[in-house]
Amino acid sequence: MTRTRPWSTARPRTPARRRTAAAATAALLLGAVVLTGCGIKPTGVIESGAAGKVVVPGPGTKGTVYFVTADGRLFPVPDRDQPSRSAAAILVKLLMGPDEEARAAGLETRLPPLDIKKQGASAGTSMLSDDTVGVGLPFKVGTLSEVARRQLVCTIASTEPGYKVVLLGPDADVGPARCDF
Amino acid sequence: MKRIAPLGLRTRLIAAFLLVAAISAVTTATLTYQQARTAVLKQSQDTAVSTLRDQMETQPLDLPLTQAQLQRIVTELGKRGKPNPWNVFGEYGTLRASSTSAPTSTVVTEELRRKVAAHPHGAFQRVTDTAGRPYLAVGMPAVWLHNETREPTGLVVYATMPLATEGKTVDAMVEAAKRGAVPGLAIAVIPALLAARSVLRPVRDMRLAAQRLGLGRLDTRIEVRGSDELAGLARTFNETAGALEQSVAELREAEARARRFASDVSHELRTPLAGMLAVTEVLDEDAEHFDPDTAAALRLVSAETGKLAVLVEDLMEISRFDARAAELNLDDVDIAEAVRKSLERRHWDDERVHTDLPSQVRARLDSRRFDVVLANLVGNALRHGGAPVRVSVRTQPRPDGARLRIEVADSGPGIAPEVLPHIFDRFFKADAARTRSAGSGLGLAITLENVRLHGGTLTAANGPAGGALFTLDMPLEAQA
Amino acid sequence: MPRVLLIEDDPSVREGVGLGLRRRGHEVSAAETGEAGLALMGTFMPELVLLDLMLPGMNGVQVCRRIRETSQLPIIMLTARGDDFDIVVGLEAGADDYIVKPARTEVIEARIKAVLRRLGAPAGSRPEVEFHGELAIDRAGLTVAKNGERVPLAPSEIKLLLHLSASPEQVFSRQQLLEYVWDHSYHADARLVDACVRRLRTKVEDPAGNPRYIQTVRGFGYRFGPL
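Chains as they are written, first to last, in this note's numbering: chain H, -6 to 174; chain B, 291 to 770; chain U, 856 to 1082.
Take these hints with a grain of salt, some might be off.
Stated by the list, open to error - Okay, derived cross-link-like pairs now, DSS-like style, lysine-lysine, Cα gap no bigger than 30 Å in a straight line: (1) H:Lys133 to H:Lys86; (2) B:Lys372 to H:Lys86; (3) U:Lys1001 to U:Lys1058; (4) U:Lys968 to B:Lys597; (5) B:Lys369 to B:Lys332; (6) H:Lys34 to B:Lys369; (7) H:Lys46 to B:Lys332; (8) B:Lys597 to H:Lys34; (9) B:Lys468 to H:Lys46; (10) B:Lys468 to B:Lys458; (11) H:Lys34 to B:Lys405; (12) H:Lys34 to B:Lys468; (13) B:Lys372 to H:Lys46; (14) H:Lys46 to B:Lys405; (15) H:Lys34 to B:Lys332; (16) H:Lys157 to H:Lys133; (17) H:Lys46 to H:Lys111.
What the hints assert, rightly or not - Pulled a few chain U residues facing chain B out of the computed Cβ check, cut under 7 Å: (18) Thr960; (19) Thr1071; (20) Gly1074.
Stated by the list, open to error - The following label-pair restraints were derived from C-beta to C-beta distances: (21) H:Arg103 to B:Gln325: 20 to 26 Å; (22) B:His409 to H:Val48: 20 to 26 Å; (23) B:Ser649 to U:Pro866: 48 to 54 Å; (24) H:Lys110 to B:Gln357: 50 to 56 Å; (25) U:Lys1001 to B:Arg542: 43 to 49 Å; (26) H:Asp173 to B:Ala466: 48 to 54 Å; (27) H:Lys46 to B:Gln357: 54 to 60 Å.
None of these hints come from the bench; they were simulated from the model. From the three backbone atoms N, C-alpha and C, an ideal C-beta is built for every residue, glycine too.
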């Protein structure tokens, strides 16, 4: 016995197709909802709050030398010996490169090595203005890498916050720049 | 696409209901579960990150860090895992330290390292290890306040924590969701059945009512409940049934009226005629005592009264057929005997009529009506056709019942073609000039109705020999 | 010629039939209503009643029943063709025969003769009283007794029983019975026979169980016995 629908002669066959399509979609949605549900899924990296603020002990950390790691990140190394060392003194410390302790941690410098005995006199700082320090350097500053420049600027600027630094090299003057931390 | 076998309305309703219930149950369960899972994980994650941060902040650093210092920090931090015990890995430059045996973690991804390095903020990531277990990796860089700016110290601490407990909680939630959804679905069957029943009951009532109506119970009505489409249908049904009942009642009433009329008129007409007949008989017998004119007049009146009586009788017969008030009084007869008796009674059992009758054939018919039919056909044949008249009776076996076939053929000139179609009409006279014939003009009409009443057919034609041929075909066993 | 009581409400029929019968030598008394007719039964003492079915007041069927309560007089009903139902009722009430109005006097005369005709028995060839089961049939005296008790039978009933029992176990068709017993034409109303058989059975047969004496043979007719 065939079942006849009273409206089947009037309307085309699409209602039947549409109905089955709707049912199929519903089933699929259901399945999708169910399947994506379960378990703990991995995620991407999600930032969550500020970094941890540590206290670095020691008598003042105004003067800080910045060395870098292999990937170019600046690592601060506060000056323990003479915390309020002048800019010139901190410059010499920077130019002398990382000490043994720093080297053990994988720190290095991108600045050209300085023979303190030979070139020590040609490296110096002077106040160009109230807040600008001029750094005289015996090597070319124009060809310095970004990282090296940052090392110089941040190290000099650490002596007094807010200082601008101008690099005075035999070839060019670079600056003024601030430390960008 | 092959069609699935058609399902009943109840099944479809329940299936649709259950589908809706299933979809909503599953969707609700899934969404609830997802929210709950997010909450559980968020709780753990936030706790882990803030714990790592807080713990780190309690550790004093001396820059640059030495391996020993790093190790110390990491070991200290490793003891303080919240909410679950964790493994802590520290990275400073090229120095690596961990609170476990492995120096680095497989769970801490490059992506986490990059992100933490690029943007010094706490960060976490959920990772699955090689065995598919979920882990939380938290990265926390250490920054210091230097000249009123927060600068990264270069130290980054990572903590990895298995999310086994959370996993168990989440699994328990899945189970709970399942255990909630399935019985929910089972319970949903009950309202589904109720809903189906509330729709199907009126439908079934309507079907039963329609059946009863079809069987003739015209007073069938449906109770109208509610005001939806089904109620509207019920109301329409009732109205239609009411109208039908009324029409049928009117028709029956009209039929009854017609029958009563026929019966009353019959009585009214016949009673004076009965008296008239009796009187004219007497006059007829004594006619010779009167003078010739009076005698002739008396005989005329007598004859005409007789004809009037016949006419009235025939009219009554016809009106009873029209009012469908004619009934068959069936009896079992020997057909040959019945035919012979009819002919004998009218003294047609001489050489004018030849018969060809089967023997030992019993038929079931109305004897009186059959006699009328035969007398009419043979009488017409003798009167309007010519002797010899041949009457032949045959039986024919048929799948739906044996048939009786009677042929009455005369040897006259036959029926004129223009007359043939009207021969059974009422008051039709073949010869227009012959206005006064012996019969009432209703003989063949009555014969036809009598045959029809038996469920048979009567046809008129011209036979092969030239005379008129009337063929009667009726069931051997007539049904009342 | 037998005395005839005519109970008929229509004056023209009354006069006409009365006239016709009187001319043939019958003594006829006519009544207009059933009550008047019943009253005349006692005073006129008819030998036959012609009874119209359609009477005002007490109708013909009731009159027939009332007559049958006390008498087994031959009763012939006068009826119009269309009164099918009434014919059956009238026959069941005890009428022996019926005539369809309008009827010629000779037809009425023939009916009267038929009803009053006795079934002649060849003298000496049979014993006076025949015993069939519990029935004792006296052909000469035209009486029937069951278990010794006289059973009042109307003329048609007696004639039917005598005819059937004269040829026990022979089957007679209704048409044949109409001809032999009622002297009707072969094609007369067979219900006449059925009604008479029914009346006979109520009087002669045992109430419970199937009829023994008057048996129906389906498709053929009736027969007497076999016992």
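Against the structure, the hints come out as follows:
For the proposed pair lysine 133 of chain H and lysine 86 of chain H, the alpha carbon gap of about 19 Å is at most 30 Å, so the pair holds. Of the pairs offered as hints, the one joining lysine 372 of chain B and lysine 86 of chain H is violated, with about 42 Å between alpha carbons and a cut-off of 30 Å exceeded. Distance restraint check for lysine 1001 of chain U and lysine 1058 of chain U: the Cα-Cα separation of roughly 9 Å lies within the 30 Å cut-off, and the hinted pair is therefore satisfied. For the hint linking lysine 968 of chain U to lysine 597 of chain B, the alpha-carbon distance of about 26 Å falls within 30 Å, and the restraint holds.
Restraint check for lysine 369 of chain B and lysine 332 of chain B: the C-alpha separation of about 22 Å stays at or below 30 Å, so the hint holds. Only pairs whose Cα atoms come within 30 Å are accepted, and lysine 34 of chain H paired with lysine 369 of chain B is accepted, the gap being roughly 27 Å. Simply put, lysine 46 of chain H and lysine 332 of chain B have alpha-carbon atoms about 23 Å apart, close enough for the 30 Å limit, and the pair holds. For the hint linking lysine 597 of chain B to lysine 34 of chain H, the alpha-carbon distance of about 114 Å lies beyond 30 Å, and the restraint is violated.
Between lysine 468 of chain B and lysine 46 of chain H the alpha-carbon distance is near 46 Å, which puts this suggested pair outside the 30 Å criterion. Restraint check: the Cα-Cα separation between lysine 468 of chain B and lysine 458 of chain B comes to about 15 Å, which is no more than 30 Å; the hinted pair holds. For the given pair, lysine 34 of chain H sits about 20 Å from lysine 405 of chain B by alpha-carbon distance, which is consistent with the 30 Å threshold. Restraint check for lysine 34 of chain H and lysine 468 of chain B: satisfied, since their Cα atoms lie roughly 20 Å apart, inside the 30 Å limit.
Distance restraint check for lysine 372 of chain B and lysine 46 of chain H: the Cα-Cα separation of roughly 19 Å lies within the 30 Å cut-off, and the hinted pair is therefore satisfied. The hinted pair formed by lysine 46 of chain H and lysine 405 of chain B meets the criterion: a straight-line CA distance of about 18 Å does not exceed 30 Å. Straight-line distance between C-alpha atoms of lysine 34 of chain H and lysine 332 of chain B comes to about 13 Å, which keeps the hinted pair within the 30 Å bound. For a cut-off of 30 Å, the pair hint linking lysine 157 of chain H to lysine 133 of chain H stands: about 20 Å separates their Cα positions.
A hinted pair counts as satisfied when its Cα atoms are at most 30 Å apart, and lysine 46 of chain H with lysine 111 of chain H does not qualify at roughly 41 Å. Because the beta carbon of threonine 960 of chain U sits about 5 Å from the nearest beta carbon in chain B, less than 7 Å, this interface hint is met. Of the supplied interface hints, the one on threonine 1071 of chain U is violated, with its beta-carbon coming no nearer than about 11 Å to a beta-carbon of chain B, more than 7 Å. Interface hint at glycine 1074 of chain U: satisfied, since its Cβ lies 5 Å from the closest Cβ of chain B, which is below the 7 Å cut-off.
Taken as a hint, the range 20 to 26 Å is violated for the pair arginine 103 of chain H and glutamine 325 of chain B, whose Cβ atoms sit roughly 51 Å apart. A hinted range of 20 to 26 Å for the beta carbons of histidine 409 of chain B and valine 48 of chain H is consistent with their spacing of about 22 Å. Checked against the hint of 48 to 54 Å, the pair serine 649 of chain B and proline 866 of chain U passes, with Cβ atoms roughly 52 Å apart. For lysine 110 of chain H and glutamine 357 of chain B, the hinted distance range of 50 to 56 Å is not satisfied, since their beta carbons lie about 33 Å from each other.
Between lysine 1001 of chain U and arginine 542 of chain B the beta carbon distance is about 47 Å. The supplied range of 43 to 49 Å therefore holds. A hinted range of 48 to 54 Å holds for the C-beta pair aspartate 173 of chain H and alanine 466 of chain B, which are about 53 Å apart. About 23 Å separates the C-beta atoms of lysine 46 of chain H and glutamine 357 of chain B, a value inconsistent with the hinted range of 54 to 60 Å.
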